[in-house]
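A.B. asks: Residue numbers (numbering that gives the first Met the number 0), protein chains in the order written: chain A, 0 to 348; chain B, 0 to 121; chain C, 0 to 427.
Treat the hints with care, since some could be wrong.
Claimed, not checked - A few chain A positions that, by computed beta-carbon distances, are all more than 12 angstroms from chain C:
id	residue
1	Ala67
2	Met193
3	Ile204
Said to hold, decoys possible - As a list, the in silico BS3-like pairs of lysine-lysine whose alpha-carbon atoms are at most 30 angstroms apart:
id	chain 1	residue 1	chain 2	residue 2
4	C	Lys425	B	Lys93
5	B	Lys10	C	Lys150
6	A	Lys178	C	Lys421
Read the hints as simulated data drawn from the structure, not as lab findings.
In this text the structure is predicted, and so the values were computed from the model without any measurement.
Beta carbons: idealized from backbone N, C-alpha and C, even for Gly.
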Amino acid sequence: MGKIKVVQYINQFYAGIGGEEKADYKPEVREEIIGPGMAFKAAFKDEAEIIATIICGDSYFNENLDSAKEKILQMVKKYNPDIFIAGPAFNAGRYGVACGTIAEAVQTEMKIPVLTGMYCENPGADMFRKSVYIVETKNSAAGMRAAVKKMAPLAMKLAKGEEIGSPSEEGYLSRGIRKNYFAADRGSKRAVDMLIKKLKGEEFITEFPMPDFDRVEPNPAVKDISKAKVALVTSGGIVPKGNPDRIESSSASKYGKYDILNYTDLTSETHETAHGGYDPTYANQDADRVLPVDIMREFEKEGKIGELHRYFYSTTGNGTSVANSKAYAAEFSKELKNDGVDAVILTST
Amino acid sequence: MDIVIITNNKKVYEMFKDKYLVEYEDITYKEILIKVRNKVHEGHEVLTHPLASSVKPNETPFKSIIISKKKGKLNYNSLMVIENSIATYEKFLKLKVEWTDAVLDDFRTIDLTMIKSALSKN
Amino acid sequence: MKLELGYIYINDIKFSDLSKVENGTLYVNKEEIEAMILEDENVKSVKVEIAKPGESIRITPVKDVIEPRVKVEGPGGIFPGIISKVETVGMGKTNVLKGSAVVTTGKIVGFQEGIIDMAGVGAEYTPFSKLNNLVLACEPVDGIEAHEHEKSVRMAGLKTSTYLGKLAKDIKPDEVETFETLSIVDSIKKYPELPKVAYVQMLQSQGLLHDTYVYGVDAKRTLSTLINPTELMDGAIISGNCVSACDKNTTYHHLNNPVVHDLFEKHGKEINFVGIIITNENVYLADKERSSNWTAKLAEQIGLDGVIISQEGFGNPDTDLIMNCKKIEEKGIKTVIITDEYAGRDGASQSLADADEKADAVVTGGNANELIELKPMDKIIGDIMPVNTIAGGFDGSLKEDGSIVVELQAITGATNELGFNKLTAKEY
Numbered sequence: 000m001g002k003i004k005v006v007q008y009i010n011q012f013y014a015g016i017g018g019e020e021k022a023d024y025k026p027e028v029r030e031e032i033i034g035p036g037m038a039f040k041a042a043f044k045d046e047a048e049i050i051a052t053i054i055c056g057d058s059y060f061n062e063n064l065d066s067a068k069e070k071i072l073q074m075v076k077k078y079n080p081d082i083f084i085a086g087p088a089f090n091a092g093r094y095g096v097a098c099g100t101i102a103e104a105v106q107t108e109m110k111i112p113v114l115t116g117m118y119c120e121n122p123g124a125d126m127f128r129k130s131v132y133i134v135e136t137k138n139s140a141a142g143m144r145a146a147v148k149k150m151a152p153l154a155m156k157l158a159k160g161e162e163i164g165s166p167s168e169e170g171y172l173s174r175g176i177r178k179n180y181f182a183a184d185r186g187s188k189r190a191v192d193m194l195i196k197k198l199k200g201e202e203f204i205t206e207f208p209m210p211d212f213d214r215v216e217p218n219p220a221v222k223d224i225s226k227a228k229v230a231l232v233t234s235g236g237i238v239p240k241g242n243p244d245r246i247e248s249s250s251a252s253k254y255g256k257y258d259i260l261n262y263t264d265l266t267s268e269t270h271e272t273a274h275g276g277y278d279p280t281y282a283n284q285d286a287d288r289v290l291p292v293d294i295m296r297e298f299e300k301e302g303k304i305g306e307l308h309r310y311f312y313s314t315t316g317n318g319t320s321v322a323n324s325k326a327y328a329a330e331f332s333k334e335l336k337n338d339g340v341d342a343v344i345l346t347s348t
Numbered sequence: 000m001d002i003v004i005i006t007n008n009k010k011v012y013e014m015f016k017d018k019y020l021v022e023y024e025d026i027t028y029k030e031i032l033i034k035v036r037n038k039v040h041e042g043h044e045v046l047t048h049p050l051a052s053s054v055k056p057n058e059t060p061f062k063s064i065i066i067s068k069k070k071g072k073l074n075y076n077s078l079m080v081i082e083n084s085i086a087t088y089e090k091f092l093k094l095k096v097e098w099t100d101a102v103l104d105d106f107r108t109i110d111l112t113m114i115k116s117a118l119s120k121n
Numbered sequence: 000m001k002l003e004l005g006y007i008y009i010n011d012i013k014f015s016d017l018s019k020v021e022n023g024t025l026y027v028n029k030e031e032i033e034a035m036i037l038e039d040e041n042v043k044s045v046k047v048e049i050a051k052p053g054e055s056i057r058i059t060p061v062k063d064v065i066e067p068r069v070k071v072e073g074p075g076g077i078f079p080g081i082i083s084k085v086e087t088v089g090m091g092k093t094n095v096l097k098g099s100a101v102v103t104t105g106k107i108v109g110f111q112e113g114i115i116d117m118a119g120v121g122a123e124y125t126p127f128s129k130l131n132n133l134v135l136a137c138e139p140v141d142g143i144e145a146h147e148h149e150k151s152v153r154m155a156g157l158k159t160s161t162y163l164g165k166l167a168k169d170i171k172p173d174e175v176e177t178f179e180t181l182s183i184v185d186s187i188k189k190y191p192e193l194p195k196v197a198y199v200q201m202l203q204s205q206g207l208l209h210d211t212y213v214y215g216v217d218a219k220r221t222l223s224t225l226i227n228p229t230e231l232m233d234g235a236i237i238s239g240n241c242v243s244a245c246d247k248n249t250t251y252h253h254l255n256n257p258v259v260h261d262l263f264e265k266h267g268k269e270i271n272f273v274g275i276i277i278t279n280e281n282v283y284l285a286d287k288e289r290s291s292n293w294t295a296k297l298a299e300q301i302g303l304d305g306v307i308i309s310q311e312g313f314g315n316p317d318t319d320l321i322m323n324c325k326k327i328e329e330k331g332i333k334t335v336i337i338t339d340e341y342a343g344r345d346g347a348s349q350s351l352a353d354a355d356e357k358a359d360a361v362v363t364g365g366n367a368n369e370l371i372e373l374k375p376m377d378k379i380i381g382d383i384m385p386v387n388t389i390a391g392g393f394d395g396s397l398k399e400d401g402s403i404v405v406e407l408q409a410i411t412g413a414t415n416e417l418g419f420n421k422l423t424a425k426e427y
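Let's have the full structure, built from the sequences with the hints guiding it.
C.D. replies: Rendered as structure tokens:
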């Protein structure tokens, strides 16, 4: 068998083309080794060679999802590689989503193994961990060496069709796939041993981690809503017309804070949604449908609530990671508290 | 008694129709689950576990579930139980098996005994 | 309460004119067994066959597996409340024909499941392939009701096992193992430093083909209660369960409960094993609440530090398991639960029908949906037809060369929730 043929996908930044200002860079293929490819080349030694590198801007990919995907797929097909490597994307959200999307497409269409790498909180990780192997990396490019050290050998194993070990052995993010095997001891003995460890307060490893529960205890009821200062917060992407902060239509990397002091009603002239995950027609016609400023103003007038808070906070929930959402909320909750807000109405889509 | 039996099992209907309120409909296992979920949304309580019996939901076509006659506020436990049951149903691969009449009758019997065992105690 | 188990190792089984145990061989008079089973007027005919480890034999659909035992000394007899009087058992001496079993088969309902392969890859997944089995295939009289049919086959197995057990009464065991449980007060005096641990055993109790009996009482009509570990060894709990082959507990499992044995292993060393709480798995959600309330209350009442909770069956028992776990944890008592998984053929689906974050220590018997291919066997005992359609079997699972592709759930005892096996699963 000759050398294993590798095609790699990277974004405009790692190709040395430029940062955010070049994020609209169109897909392009170069028959050379670029950026992170050098580290991979060193790790592959003589076993494999990168025969082509595909470059695409992150914005371009995410804004032209279908056509970009199709175009890149055609590029990969032309080289007929043994394995396709995307990234690693570390903590770059749109890059991660691009890596996951294209890797999954190559895997499905070409039936060849694929591999990508990213930080566990990259939105692409949650979106694609079940369908493609994603090596867990650090949250910045400083982790490149460590990432390549894990990705290169796993890529070789995948390309050769060798058996893939568990996530902890190989360094990829758990895909949530349960596989049977025979343990050294029978189940009852494992249970007794586990109980003894638990009783002693020692560390033990459950054989089946319960699904993630992120339950929030409800706060006590607002004593007198007619005196309360109420704020509106939404993950429905409502923004002033023109989306001044350029909140992304999916996998939002930020949230916005907007003044509604002078509004009693949101209209198609003044507000719209930035959300890319639902049909925006009705929200764009009348943003009150997502963020009910009109009704709140009525309530305010009728004395049903004390007052409507001057600012609302907004982001797009579409594909936005739980970790990011938590971070945004932690930040603006402090502001809300400092501003003396008693209650918040959260609207979603 | 303050119960309603939701069923697609003729045997259950025949046995209990004079004694309890039995809503019989010739619908699928899944449709029974959905019907019960709708009832939960209306405020009824689920009284027997929807996955009663270890006969897998992709094997038997019959299902009977007892709910409360009384409607109250939405019961979250009932909602959890029925939603989890629907999720469990969904994950089983749909079998394309033509059961013989005798086997179908066995399935009806098993389902009936589940309801019988529940009612005999209450 | 103290019990000596005397093991007489059986490494061969043969038909013979005279039933006896000699030099590790179990000799069986077939005619006597047949005559005994046919005393039941509901049984039309019975076939008695032998299946030994390594033979190319497939037994299906399996109803129960029972280990022959006999009371040598002490009160009562094996299977109290069913075969013997209801006297309390678990004391004195009991002899065991280790390495042998009675297996009952026969189609009670058309979709019945349960395969024991004595050879090949399937044999690795069932513990009963390692035993010298006497297999009973019972045919009922026509027009019999399913519950009467089930009872007849259940009793045929228990009677035959008792018959074989009696052959061991006067034989000197090859090995003796002693199990003793003190009163809770005495055990705390004896092991003041050790954490008090009990075993919470959940018993399948949903109705026909899903029942378990404790001293002859249908478990669905019981409240959670205490029982001594040695009582189980004398057959205080027997199985009437024919459904969910991979994770039902046969009478053999109850007699040889692995949690009990492994807790005894550590008893007096790292833990103080004070006893067992048995509880049921009923259909009514209110029953589930009541039973789990009682289990937690008993655990608190006897001052436990930790428990192991085992499950039986698929689906709604997940709810009982989680209720028990949660309520016991809420009393400040540490739990480990034993279950199995239905994660789909690809292993990607949610494994349990219920879950709670308090269940942070789980032992799993594996994914019951995983596929396995079973090569054809030279001989079939029972009825192969259901295999093509039963749980885990599916349309087209029967291949031309006679091999079948089934889910593990079709194999008797494969993903046992008492932790009887080494099989488990991990996340990839």
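A.B. asks: Determine for every hint whether it applies to the structure shown.
C.D. replies: How the hints compare with the structure:
At the 12 angstroms boundary, the C-beta of alanine 67/A stays outside the reach of chain C, the nearest C-beta of that chain being 28 angstroms off. Its closest Cβ contact with chain C, about 5 angstroms, brings methionine 193/A to no more than 12 angstroms, contrary to its assignment away from the interface. For isoleucine 204/A, the requirement that its beta carbon stay farther than 12 angstroms from each beta carbon of chain C is not met, with the minimum near 9 angstroms. At most 30 angstroms may separate the alpha-carbon atoms for a hinted pair to count; lysine 425/C and lysine 93/B meet this at roughly 25 angstroms.
For the given pair, lysine 10/B sits about 22 angstroms from lysine 150/C by alpha-carbon distance, which is consistent with the 30 angstroms threshold. Taking the CA atoms of lysine 178/A and lysine 421/C, the gap is about 14 angstroms. The hint holds against a cut of 30 angstroms.
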